[in-house]
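Trainee: Below, each chain spelled out in residue letters.
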Amino acid sequence: MPNLLRTCVKLILGISLCAAGSAVADGVDRVSFELDVQPVLSAHGCNSGPCHGKQRGQNGFQLSLLGFDSDFDFAALTQDARGRRLFPSSPEQSLLLRKAIGAEPHGGGRRFEIDSPAYLTLLRWIEQGAARSLANEPTLEVVTLEATNFSLQPNGGAGLKTVASYSDGSKRDVTAMTTYLSNDDAVVSVNADGQVTAGELPGESTIMARYMNHICVANVVIPRQDPLDPNLFDQLPRDNYIDDLVYEKLQKQNIEPSEAISESTYLRRVHQDLIGRLPSAAEAKQFLDSDAPDKRERLVDSLLNRREYADHWSGYWADLLRPNPYRVGIKAVLNYDNWIRQQFRENVSYDQFVRQLVTAKGSTWHNGAATLFRDRRSPDEITTMVSQLFLGIRLECAKCHHHPFERYSQNDFYQFAAYFARVGRKGTGLSPPISGGEEIVLTTDSGTVKHPLTGQVLNPTPLYQASHMVDEADPRQSLANWLTSTENEFFAKVQVNRLWSTLMGRGLVEPVDDLRSTNPATNPQLMDALAQDFKDSGFNQKHLLRTIVLSRVYAHSSIPTPSNVTDRVNYSRHYRHRVRAELLLDAIADVTETSANMQAMPPESRANQVWTTRVDSIFLDTFGRPNENQDPPCERTPDSTMTQSLHLMNSRELDKRIRSDEGRAARLANKEGALTSNITDELYLAAFSRYPDDQERSYANGLIEQSDSKRTAIEDLIWAMINAPEFSIQD
Amino acid sequence: MNDLSTDQRRIQSIQATRPWNRQANMNDTTRKSFAPAAFGTPNSSRRIRANRNCQGITRRDSITLGLGGLISGGLSGALQATTASAASGKLASLPREADACILIWMDGGPSHYETFDPKPDAPAEIRGEFSAISTQTPGMHFSQLMTKLAAISDDLAIVRSIRHDQGNHGAGNHYMMTGAPPRIPVGCGAFVSFHPSLGSVISKEVGAPEGIPAYFSMPNMSRSGGPNFLGARHAPFVVPDDPNSSSFRVRDVTLPNGLSEGRFDSRQAIRSEVDRMLRITNEAAGDPALAADEFFSQGLQLISSAEAQAAFDLHSEPGPVRNAYGRHPLGQRALLARRLVSAGVPFVTLYHGGWDHHTDLFNAFESKVPPFEATIAALIEDLKQQGMLERTLVIALGEFGRTPKINDRGGRDHWSNAMSVMFAGGGTPGGQVIGATDRQGYAAIERVLSPENFVSTVYRKLGIDPGQMMYTPDGRPVHLVSDANPINELMS
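Chains A and B, in that order, are what the protein sequence lines are.
Taking this note's numbering, the leading residue of the first sequence gets 565, the next gets one more, and so forth.
Taking this note's numbering, the leading residue of the second sequence gets 12, the next gets one more, and so forth.
For reference, chain A alone in the conformation it holds in the complex (with noise of 0.2 Å):
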């Protein structure tokens, strides 16, 4: 220790310059490597995801993601490439601190300065030695901030304030050493000091706090202030209880609801959610026209009851799990969305559903449940999806480093996905691209998951409440009892935040399966409100679709009030939103009266009956549909291209189609007799589920009968309605 005597004088000389220090011994403050260097290098960016944080590292330095991992940063610092990160002899000639001030060429640029607190922090703790821990050394337990509710005025602010608590019974003031996030930073900012701004707009976002392996979050709230008639929620009708909860909200926010839909947008908007498919004309008058009470009532139940429900439902489940044809091989494709059609045919309860999936035995060719075990061939593959799907956790990340935003570890992944280790395969395995084969799944009587990095053997244990474990003699058919158990939190929340957003336009919870703390539902109580009845109901899906689309909130029109126009996530007006592809092709079907004509389909098959992506279609491909071929496969994006514009515009199979001979132009052209009126009003029905208005009428009568062919006028009618954005948006 030649330099030990100029160690200590700098040591001396650096106390006061520096913030942090935790253990005293021999008047003077340690730097601990936990405690004090670990925070620095997450504080500054270099263990995140793009730096040295990511998988291999960023040029041969690498760091547990987020510092999750001291051992292996310790490591990475003091021995990895030969130690000559730290230069214990003149430590301010370390690489570590001159690549960080940029003294060195370094591709993340200068990140702190010299003498700052975190190059002394530094500094010190490579002069004193760069120990792993120092002598009685306290842990860090918890992590608070001293407030989580905030009410802002627009353009507000408020300061964040982070406590980090030891084992010792100390404290540390650790805000500047947090990261911070907001869910939604165009509603409330926050930076890198923990100081909170309130945008422009009322509004609610959460921010997360992550200091080291601790996460806290805080709400944000910006309340409209110009104050509603206080009497106003007292006069609205309500019909169930997502009506007393909505209200509830939009009261503490004062925000207006919209006012009630028509009948006719009713119609439309209750047949493209309950059954993918446009009224047709004579349904659209029969319901329009009818003076029943009831009749929403019954037009619900009716749709439930229809058997385009199933094809229609099918297809969200079928986006979930459809494998790659190339992969599992047609017919194991075609058999597993069979068998998940049947499941909808048949309303099989939602909690029976994922059983039969989890547990899937027996021969692909004949069970097409048993396919999910063929796509998913190792426990790990297995468990991102299971955990995803049916739990709304996102374990994907747990599965090579701690989950930045989570509480999981590695070892819990491994531990749940000890759950498949004893799935079995026999016959055929995968053989790209035909696998054609055959391959049974079996449960075996061994089979282990281990922990990649310890190599330790894992037991299957569940990711949370392992008290409602009840151990069977199939792993799998202990887990399927947990995860359907009315006591698993997530289990019931993840399905009816998904059929929730499909039918409101917004999830409770966004993306729709990704529910943690930092990401919570926008409405707790609705969410666990309609959980409960989810469950009451016995999972059944058409009691939760029909409780939702008899509330008056689902009723709400997409005209907002002028307290409501940038709600977008309090439901307080229908949300507006391109109805997806199949739904699409199918009303383009029914209005021009032809079908598309589909490759490995019968004739007449609708969009929704399409099995697998490998049925060609520019149409679906243009208007979005999941690429099972694409790993992971991308989600559908409701998003609006100009390739969609000017394929609806100027397609040659839609033009033939609108021009057909036997389509419905040339159908009402060529009968004799008909009322011009008639006409237009079907035409109306027919695409809009609604009546012409007078001037609509006036003036698509005028064309009809103006025109040198009536079947021009009529199919230039339809290609416009076709092309209107009342037809593809619904509203």
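No wet-lab data here; the hints were simulated from the structure.
Note that the structure is a prediction, hence the values are computed from the model and not measured.
Ideal placement from N, C-alpha and C gives every residue a C-beta, glycine not left out.
Hints may be right or wrong, so weigh each one.
[As the list claims (entries may be wrong)] Label pairs and their computed distance ranges (CB to CB): (1) A/Asp1225 to B/Arg338: 44 to 54 Å; (2) B/Asp324 to A/Asp1225: 46 to 56 Å; (3) A/Asn1234 to B/Asn231: 36 to 46 Å; (4) B/Glu401 to A/Gly1019: 19 to 29 Å; (5) A/Asp1225 to B/Ala280: 55 to 65 Å; (6) B/Asp324 to A/Gln1270: 31 to 41 Å; (7) A/Val1179 to B/Asp324: 51 to 61 Å; (8) B/Asn231 to A/Arg648: 50 to 60 Å; (9) B/Ser257 to A/Glu823: 54 to 64 Å; (10) B/Val459 to A/Ser697: 40 to 50 Å; (11) A/Arg674 to B/Ala162: 48 to 58 Å.
[Stated by the list, open to error] One-sided excerpt, in silico: chain A residues whose CB lies under 7 Å from chain B: (12) Gly613; (13) Val1129; (14) Ser1209; (15) Met1213; (16) Arg1216.
Assemble chain B onto chain A, guided by the hints.
Mentor: The following block gives chain B in isolation, referenced to the frame of chain A:
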């Protein structure tokens, strides 16, 4: 401390609040603006935070500019506007050598022996039936059928030393089209996508004049030519029809056959009467009808712009030019590609199947190669004559090369230890061969290069930093290319 998930949520929040802006690349810009922030260089991130590019034009403005360009300044005006607006973030600092790339995909994996890497001194069972011919460039030899390309070899650069370890079609295609090896083993015929393809990235980063799709693929997309996490906006615009047919029109961007302009106009008039849906004009409300309106009016502009329509109109090409390209689907697609590039499309894939010669290779080549290479040569010569070659990169390649020993069936099998890739234009110094295989063509031994180097070269030529970080929708950072070194010999 802008971490990746801020980026993600920011994107979501923007999507949630302003869906009209999605197509308008708003989230792309946001993503770009966040990539440097995640690296932690605050200056670069702040610069374009408010969705502004270096010139201070917002994307929404630039749409207006694009339309104005189409009306008044013609397509070139619109092109300039887009080019300016696309040059944002750190991309601006990279010089762009080429404005467009035409990629000829020889699906199946062409033999390197019978194209650009003949081995006349190898034993007969390796050498094959063809001999080597001299080219315009002293010391550069091609296989005997490549006569027209040999005659313009001073414009060509041949890389003989790209190799990889993915010897089946699905995986080889993925590696060459994306620069990323497949993450899990991929079957031979598989169509897989784990990473955005060249065309999709260029669609996102370079873009095209408003209304024109930025990534064309004809007559289909290659196996891994999709956008992956970049989303449907950057999927290839596939034109499946045969441009050699007399009734050919580019789908969707031109009027359907048999529909007169007059009738199209009257349909517009009817639509404006029929369209009665109330628009919620406050952008904060996120009415998707506003986006639909914007795209519809851009579509109309595209249809009514004589200059844009001319770009798609293959029939206006003089007969001799059409003949020079070859009166067959590939020839006419190549000609269409040239027209699309001149209209501002930055990436076109010409998919050409049938290069998987496990049997009867030599007979097959006798009939397949002459029209093929004539088309490529015609394309390069035409680009040169039009003054476009300097700014247009032309590439021809397949998944891999072929086995040295000719098999019992007179064919060659898959071989990824060696392959030849042809480059021309876009600032590529011509008349050169880069790298070499051994004397018998078994493996690349000199200047050994990877698919990553290949893809990085294309990105660098188009002014895209191959080392940049991209973000998946769930916030995971992904390098565009893991080895961002381009092939320097190909750079100008």
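Trainee: Evaluate each hint against the coordinates.
Mentor: Hint-by-hint comparison with the structure:
1. A/Asp1225 to B/Arg338: 44 to 54 Å: Between A/Asp1225 and B/Arg338, where Cβ atoms are some 34 Å apart, the hint is violated.
2. B/Asp324 to A/Asp1225: 46 to 56 Å: Violated, since B/Asp324 and A/Asp1225 (Cβ atoms, about 30 Å apart) do not stay within the stated range.
3. A/Asn1234 to B/Asn231: 36 to 46 Å: The hinted range 36 to 46 Å holds for A/Asn1234 and B/Asn231, with Cβ atoms some 39 Å apart.
4. B/Glu401 to A/Gly1019: 19 to 29 Å: 58 Å, violated
5. A/Asp1225 to B/Ala280: 55 to 65 Å: For B/Ala280 against A/Asp1225, whose Cβ atoms are near 25 Å apart, the range 55 to 65 Å is violated.
6. B/Asp324 to A/Gln1270: 31 to 41 Å: 34 Å, holds
7. A/Val1179 to B/Asp324: 51 to 61 Å: 32 Å, violated
8. B/Asn231 to A/Arg648: 50 to 60 Å: 52 Å, holds
9. B/Ser257 to A/Glu823: 54 to 64 Å: 57 Å, holds
10. B/Val459 to A/Ser697: 40 to 50 Å: 46 Å, holds
11. A/Arg674 to B/Ala162: 48 to 58 Å: 55 Å, holds
12. Gly613: At about 5 Å, which falls below the 7 Å cut-off, the nearest Cβ of chain B leaves the hint on A/Gly613 intact, so it holds.
13. Val1129: 5 Å, holds
14. Ser1209: This interface hint holds because 4 Å falls under the 7 Å limit.
15. Met1213: 5 Å, holds
16. Arg1216: 4 Å, holds
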